Every structure is written in C-alpha cells, then in structure tokens.
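> The listed protein sequences correspond, in order, to chains A and B.
Start counting at 1 in the first sequence, then tack on 79, and there's your number in the working numbering.
Residue 362 in the working numbering sits at position 368 of the second sequence; the count goes up by one each step and never skips.
Please keep in mind that the hints were generated in silico from the structure rather than gathered at the bench.
Owing to the predicted nature of the structure, the values given are computational and were not obtained by experimental measurement.
A virtual CB, placed ideally from N, CA and C, is assigned to each residue, including glycine.
Just so you know, not all the hints are guaranteed correct.
Said to hold, decoys possible - Sample of chain B residues facing chain A (criterion: CB under 10 Å; computed from the structure):
hint	residue
1	Glu72
2	Glu76
3	Val109
4	Val114
5	Val142
6	Phe156
7	Lys166
8	Ile169
9	Pro171
10	Ile219
11	Ile225
12	Glu278
13	Lys351
14	Leu354
15	Pro369
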Amino acid sequence: MSGNGLTYSEQGGEAAPELAQEAAPTVTPSTPAAFGLFSSDTKKNEDLKQMLESSKDSAKLDAMKRIVGMIAKGKNASELFPAVVKNVASKNIEIKKLVYVYLMRYAEEQQDLALLSISTFQRALKDPNQLIRASALRVLSSIRVPIIVPIMMLAIKEASSDLSPYVRKNAAHAIQKLYSLDPDQKEMLIEVIEKLLKDRSTLVAGSVVMAFEEVCPDRIDLIHKNYRKLCNLLVDVEEWGQVVIIHMLTRYARTQFVSPWKSRRFLEDNALKHENNFYESDEEQKEKDQKLKTTYTMDPDHRLLLRNTKPLLQSRNAAVVMAVAQLYWHLAPKSEAGIVSKSLVRLLRSNREVQYIVLQNIATMSIQRKGMFEPYLKSFYVRSTDPTMIKTLKLEILTNLANEANISTLLREFQTYVKSQDKQFAAATIQAIGRCATNITEVTDTCLNGLVCLLSNRDEIVVAESVVVIKKLLQTQPAHHGEIIKHMAKLLDNITVPVARASILWLIGEYCERVPKIAPDVLRKTAKSFTNEDDLVKLQILNLGAKLYLTNSKQTKLLTQYVLNLGKYDQSYDIRDRTRFIRQLIVPNEKSGALSKYAKKIFLAQKPAPLLESPFKDRDHFQLGTLSHTLNSRATGYLELSDWPEVAPDPSVRNVDVAESAKEWTGILGKPKKEKPTEKFYSESEEEEDESASTSSSGKCLESTAFSLPGKLCLQNCLVHK
Amino acid sequence: MLPARGAGPAGEAREELSGGGACVESTFGGFAPAQPGAAAAMIHSLFLINASGDIFLEKHWKSVVSRSVCDYFFEAQERASEAENVPPVIPTPHHYLLSVYRHKIFFVAVIQSEVPPLFVIEFLHRVVDTFQDYFGVCSEVIIKDNVVVVYEVLEEMLDNGFPLATESNILKELIKPPTILRTVVNTITGSTNVGDQLPTGQLSVVPWRRTGVKYTNNEAYFDVIEEIDAIIDKSGSTITAEIQGVIDACVKLTGMPDLTLSFMNPRLLDDVSFHPCVRFKRWESERILSFIPPDGNFRLLSYHVSAQNLVAIPVYVKHNISFRDGSSLGRFEITVGPKQTMGKTVEGVMVTSQMPKSVLNMTLTPSQGTHVFDPVTKLLSWDVGKINPQKLPSLKGSVSLQAGTSKPDENPTINLQFKIQQLAISGLKVNRLDMYGEKYKPFKGIKYMTKAGKFQVRT
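Let's have the full structure, built from the sequences with the hints guiding it.
Written out as structure tokens, the structure is:
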C-alpha cells in the first residue's frame, strides 16, 4: 500500500504547483496520503468531478491521469462516468486519449451514458485525416454497447473501402469486435472480410486474416483467389500478421494439396517388391521407378508457400520462426523439413518461456524424425543454471535422440546429471537412462549395472527412482538377474521410500521362484513391519504373501495367514478389500467359487513388460506450435488440421484473372502509373515474385532514387512507395 | 465490488482457492463457449504481479476479466519452488494464463481460446522491452510511477488483443517517453506526453522508422558483441561451446539513410536472424546487410557460430575442491587464467558457484578481488576483476560442512563471467559501412566485445 501511496502523492506533488497557480481549492499538497486510502474514496471522487468540470485543461488532464491510475489498480471509477464522458470532444489530445481509455473500460457498464459519446466518433469517422478516422473507428468498435451495432456495421462497411490502408486495417480489427458483440452479424461481416481479403496492402493482410480466423475459419473458399497474393505479400507483412497468416495457410494447404509424403512410401513399398521379384530386368525396374516417381508432383502453389515462408526462419520474432517450423513439419516433404532445425535451436538462446515452448515442440518432432536434431545433440546438454522444467525437457529430447552411435557419450553426460543437486532432475535422469536401456539393447546391461551402482547412493530419492526403473528393466528380461534381485532384497532393510519398497516387494513376489530362499524371509520381515507400512507397500506385502502361498505354501502358509489377518482389520478399505479378495482366491473353502482353481494362473501370469515411452509420443496430432500442443489437450477454439485429401481439389480455383486484378489495383491507387501497373506489385510469374519479394522486403525503399541500386529495383521501389 | 486480493492479507484469496482447486484438474474442453463469438480475441487482459504476489497493474482490452483468475496463477506459483519454475502456460477452467517473468515481475496475459503460445510470450517480452526502452529500467516502482504512460503505451500496442504498434520508433512518436526535462516542462507549460504530431510512420512503407528525423551530428555506431556459451568438463576439455553474436546499433542519422554493411568473412555466420529492416534477398545473394535503419538503438542482427567450428576458449579454471568422508572440513581452491585471448586482457571476471546444501560456511582468501558466501542460499561469488597473466588470481581456503552429514555427491559447478574488449572471438570483422540516399557525411564507429554467456565449468 505504501508504494501506491507514493505514486499518488508524487502525482499529486507534480500537480500541486499548477493547481496552486490556478487556485483550485479542492486539492492541496498537504493531503497527498488521502489519495491512496479507501476511506476517502467518495470524497476524492468529488475532487475529481470538480476537476473534470473545470475549464482548465491541466486540471482535467490531472484528473484523468488519476482516474487512469485507479483503473490500472483495478479500483472502481465507474461513478465518474458522466463527468468523464463530457470530455470526449476535448481538443487536448492527451485528455481525449485518456477519456478513450476510460470509455473502453466502462462503456459496457454504463451503456446509456456511453451513447452520449457516439456522435463525436461518428463525426470523427468523416475526418479528412486518416489517423483520426482510424482512431475513431477503433474506439467506436471497442465500446461494447449492443445498441450501436448498426452504427458499427455501417462504419465498418464504409471504412473497409476507405482509401487509406491504415483505416482498412482498423476496419479488419473492428470486424472481430463486432462479431463478438453480436454474432448475428456474421453474414454481413463475412462480406466485408471477403472484400478486405482482396486488399493488396500488407498493412491489411494480417488483420483481415485474423478476422477470417475468428469469424469464419471454415469458409476456405474465400481464400482460394487470394492464396497466391497472401503467399507473395507474406515477407512484407508485419511480424504478428505473419504468424496468423502462416497458421491459416497451413490449414488451407492441408485441404487443397495432396500429401508430399506418400511418394516416399510408394517408393519404399516398391523397393520391397523389387527384392521379391528379382528376376525382373533392370530395365523394367527403372521404368517402374520412373513411373512411380512421376506419380507425385508438387502443386506449384504448394511449392510457392514453402518457398515464400522459408526466409521467415530468419525472423527475430520467435513466434514467426515457430510458425514456419510447424508449417514445414506439417506441409513439407520429409526431406525438406530438416531446414527448420537450425532456427529452432537458435531460439533456445532466448528467454526461459520461449525455450519452454520450443523445447516441447522439438521433443515432439524428435520422436518421429531423430535425424532432424541429431547434429545439434550438444545444444540440448543441460546446464546447472537451467530451471528444472527446461532441464527435464532437454533430457526428454536427449533421450529421444539416443542411438547406438551416441549412447556412450550420452550416458557419460547422464552420469553428471544423476549427481545434480536438483534431485527432481536427477530422478528424471534415472528414468531417462531406463528408457535408453530398453530402446537400445546393446547398452541394457551397462545401464542396468549403472543403476545398480546407484542403489548405494546416499540420496534416497535417487535410490528409490533407481529401484523403480530397475524393476521395469528386469521385467523385460528377468532370466539372468537373480543377483540383482538378491541385492535389492538386501536394500529393503534400509530404504524407506514407499514406491521403492513396493517395487522391490513386487519384484521378489513376481520372481519368487528364482530366489526361493530369500523370498520367505522377506515376507517374514515385512509381516513384522506390516502395520507401520504405507498403503502402497501393504498391498505389495499382501501380493507377495499370496504368490508365496501358491508356490511355497509349506514355508509360508502361516505367515501369509498372519498377514491376511492384519490386512483384514486394516484402516484402509482398499487393503481390507484386497485382503478379502486374496483370501477367497488362495484359501479355498466351500463358498469360494470356481476361480480359486485358477489362482496360480491369475497371480503368476506372464505379465507384459511395461513400455517406457516418451510423454511426447504422438503429440503431433495437435498442430505444432499451438496452445493445444503445449497443453496436450484440446484448447477452446482449436481448429483441427485436416488430413491430406486423396485427390487434390481443382487447383484452378486459385487462378486470378490478371487483367481484372490489375484494374482493381489501379482503381485503388487512383490513376495508373505509366505503363507497368502489374509488374511493380505482384505478378504471377515466378521470377517476378522473387524480385518483388526482394525489393519490397528489402525495400520498402522510399523516394530516394539517388543511391545506386540496380535500375529496375529502384523503379519498383518508387512505384511501391507511391 | 473490489476483489479482496492485493489489499487484503495474501492468505484469504488463496484459501478460497483450494475449493476451486479441483476445477483446475477438470477438463476445460467441455466448456464450450455459449456463443461462437465469445471466444474471439487473442490477449484479453494483462496483469502485472510482483514477487510478493500483489497485482499492481491490470489492463483489459475486452470485457473485464476478474482478477480472481490470477488465483490459479498464485496456486501454480506456490507449487513451484522458484519463480523461474512457474510454468509459462497455465490452463484454468475458462481461460489460459500465459506468463513471462522478468525484472522480478510476472507479466500474466489472459487468453480465452487457442492461440500460438509463442505469439503471446513474444508479445509480452516485447512489452517489457518497450518499458525498458521508455523508462531505462523496468521495475514495479517505475511502472507505478509512470502508470499513465504505461497505460497509453499498452493501449497502442494492442487493439482488441491483437498487436497494433510494437515498433518502439512508432510508439515513441505516439507517446513520448518521460524525461526529467520533459516532466519539468510539462509541469510548467501544461503540455503533454502525447505526441501532437500524428504517427505517420505507421502508414509508411518503412514502418520502423519515424519520419522527419534531424540531427546536427550524424552518427552511426555498431557494437559487435559475442557471447561464448560453453560447458567445460572436470579435466578442462570442452564438452560443448558455441558463440552467439549480436550487432547492436545506435544510429542517429538525419532523413532517410540507406545503409549497407559488409563483412570481411561473412561465411562465419552460420545462422542469422534480422531486424525486419534488413533486406533478406540482398543477404542471400551477396552476404551484405542492406537496410534503412530505425532511429536510435536497435538490434540489427543476431548470429550463431556453431559448435562445429572450433570455438576458442579464452580462459581456463584450475580447481581443486574436495570433501572427505567423516570430516567436516573440505578443501577449496580455484585459479583462473587466460588462454587463447589473442593478446587482449580479460576483465570483469566474476566467479559464482552454488555450493551443496550441507556446506555451512567457507573460509577463503582471494589473491585479488572480493568474495562473498551467502550461508542461506549457499551461493559463493567472487568478483575477480582483471586477470593479470603474470600473477594469476586464486581463491583458496577451507569449507566447513554440517557435522554428521555425509559428503556431498557432487562437486559444485563453477559459472564464469568475463569480458574482453576489442575482440570478436569468432574473428568476425566488419569490412565497410556505406550510406546512400543522403548527402551528408556521417560519423561511423564500430566496437567489438566478447563476453561469457552461459559459461560453466564442471568440477
């Protein structure tokens, strides 16, 4: 609260000389503390009202500043509405802006009064200055008052054919606002969107696509005619617009083009066939190959998209880079997707939040296509200063990238991690080692030995995690690991972490026939400590008892019955339940059903080894780079990426009549400039596209014709500038 | 009307939450919006939260979202042991909270529907950068003091949750940053911070540069700054090393200059990213940076020199840290020395190391500089200063461990910071800088510097 008091007192102090000059009696510098206190709220508002009604701009401004301060703190300033709204037509720009801020915040709550301000905006919409028109539209559309929907609609329609692209951009923004205020306007708004999509200004493109995505993302037909234009404008659109357009085009492309991945599969199939019918002559084979290769040719429009997004990998904006990366992942032939890795790895130098999102996406990618990130293995090495969540993600990726060639290096690296002071991370490393061990059979034994060494570690979390992982590993090949099981049985005396104890007991029970001498003794010991154990452990003791009773009832009959009796009176109903169940199964009496005959089969069935899988497996059924991917669950408003169509829809829908478009364009420009109205902006031929991309990204180059750029470039620049 | 948070004791709101805790777990997929339009908008609201968990600023771009939504954030904050472990994306039943943590402030954006998370995160970082640019530093006090300017800036940066003006050049034209002089002048004359000219830059084809720039001294300075990221293992061999470089520019040139910057050895640059002003194609074809600069300070280029190229490591650390079993004393000794420095002095050397929890205290004597050991955080830092190759700086002494505990498993990692002036360790050299489009002769300057980035030595 003191900081807050300070703020106000300072502002008050700043205002003091002015006010003193004007002899405003309401605020005196001697009561600054009052500003920050609740008690004087009503009184203070009286002050503010008077200040707002004063004839001096400086007093009004000061009052507005304090009101904005209140809004920022989340305090209620709504009762000042009538006093504030009067100043909406103020000549002073700053007062006006602050009034706008106020209006956008409170208009929704005070709808009737808000209407008083509308006429001011309506007038401003006709102002000769484009910036004033734009800002009027912006505020008008931000006042969420349902009554003015028709006025807004009209204003948007008018603004969408404004000569100024900046006003048109604001019209595109207003579309979304109106839509969220009144979804019934959808049809009319789609018409405006359709019109604005045809717009050729880079200023408008991002905003209108945003509006499209929110109002009518399913109207893919609106995109056809604008597809090539959007691809070509992309480099010059502002960075935020680029992200939105790239995501939209990704969805579009998945509905319009055939899969570039299939061809590969065909070839592989083919290769297999070749091996089978090897008496086909080479000639024939070649012919066949040829034929299959030609079955897939990429649609030039598909290629256009890939080509025009590639330079954006060099953007400074992480969101743009990620957007391109996901586009390549979902659209590019598998052989080309690799070009995005370098840029993604570059993003890892960025802030922790960016790293977090990028690493998640890399984790998903690295499962399916190891090759993409193998060259950058060392970029994922963990530093002791990384936050835990970054460490675990890096570890995940390292595990995904592990293969026969790099596993020894990786294991050495993991050894350092296991010793980390961050125990949560050390535990995650042990899990990772377990996964490497199951995935790469050559190192299973090495890993297992390493983990067994860890069993003598001092840190209990490390030991417990090792036990759990060893248990999983042993399940995959229990035959020759009697020694390890014995070792673990010894551990039981010291280890206290419940999960680990439970794991050990389960192991001994499961493989009790391999350690016939130790198992009954373990049961004896745990029967003694039964009452003090964790529920998890109690369940496993019961299991162990049951299994021993079935295999070695001579030695363990009494012990098991003792344990079952303890379980019968346990506090936890889970345990009582389990006890009852086990007793009925293993100790047959007249009431027990037919099942008890199969008790041995039930308890000592061959159990499938657990699969150690990455949590990122198959996560790419969500489009990469989306919120849903990050959360691994469908977010509100997530738009599904469709599967590639079997047969591509008619590509000619994207053809644009050049003459018509040229005419339209010159129409916007006013009079056509000399003889090359189409060439300068964008045209269909490829070479031109590249050229114009270069000049415009480049070159937003202004009037300066003085410098020595190539002649053509210059000329284009002048024209672009006009 | 007013939510209890912020004013009331921190406990209250959090208590309330535990009831709602179950909601966090529940799937939010089921909460379909009542009407299709309701989900629209990218960034709904922004909350600024300080280290002690007070919301000190809120801004809404659409209908007001109650600040109680931040309770989910506080819950996550409590679960995470450290601020930097708070997940950047937190789902709540009706909203998603995306946050960045900088300058000890959480910037929490509230969104309602699917949006690329990096879009929001990148934008939030841009907001912080803008504040920093405006006020010099970005802190709670500064933001509170300049709340009106902050509000005006935020208003311009987003329209309906979609970024509108994020270029600092444009913003500064719209809303002038406060300076001491201007504050005084404003107080006396009653003039304002809001630019009285209209922001023409927003309309131009060079949206990053304001128009009508005038200087009496025309100058363009470029700083080539390289950071070495490295992990060095116990024996002193390099596990991984790479160079991250940037070229930061300060350009104060009249009019609309068009600059080209060329390098002696552009092949070194393995991977680059540009300020939007740089022409992609020119770089692709000629390896020349051609651009119309924004006015003032900006980052022209970032680049990466990959681990595949041999990265020179300019310093080495000799260390001998040992703990013995059964003894409560350990030995600690480190020496820092120069290596591959191309004849330049290594300065600004700073050694930090996180000691194991069982370390009680350290008794150390440095041969130069000052050292501090914080017994609470167990962080040792040693401000070494310059390295004199004739007399290598060292820090020696003993470590006392908590009695009765066994020796720590791991020796602490040593983090190193240093600076080398007038050297770009990758060997990158600027060839020449030319200006077109304006008549005057600017003053041009270039500076090189090498720094340690994330430089770790494992012991």
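> Failing hints, ascending?
The structure breaks hints 1, 7, 9, 10, 14 and 15; every other hint is satisfied.
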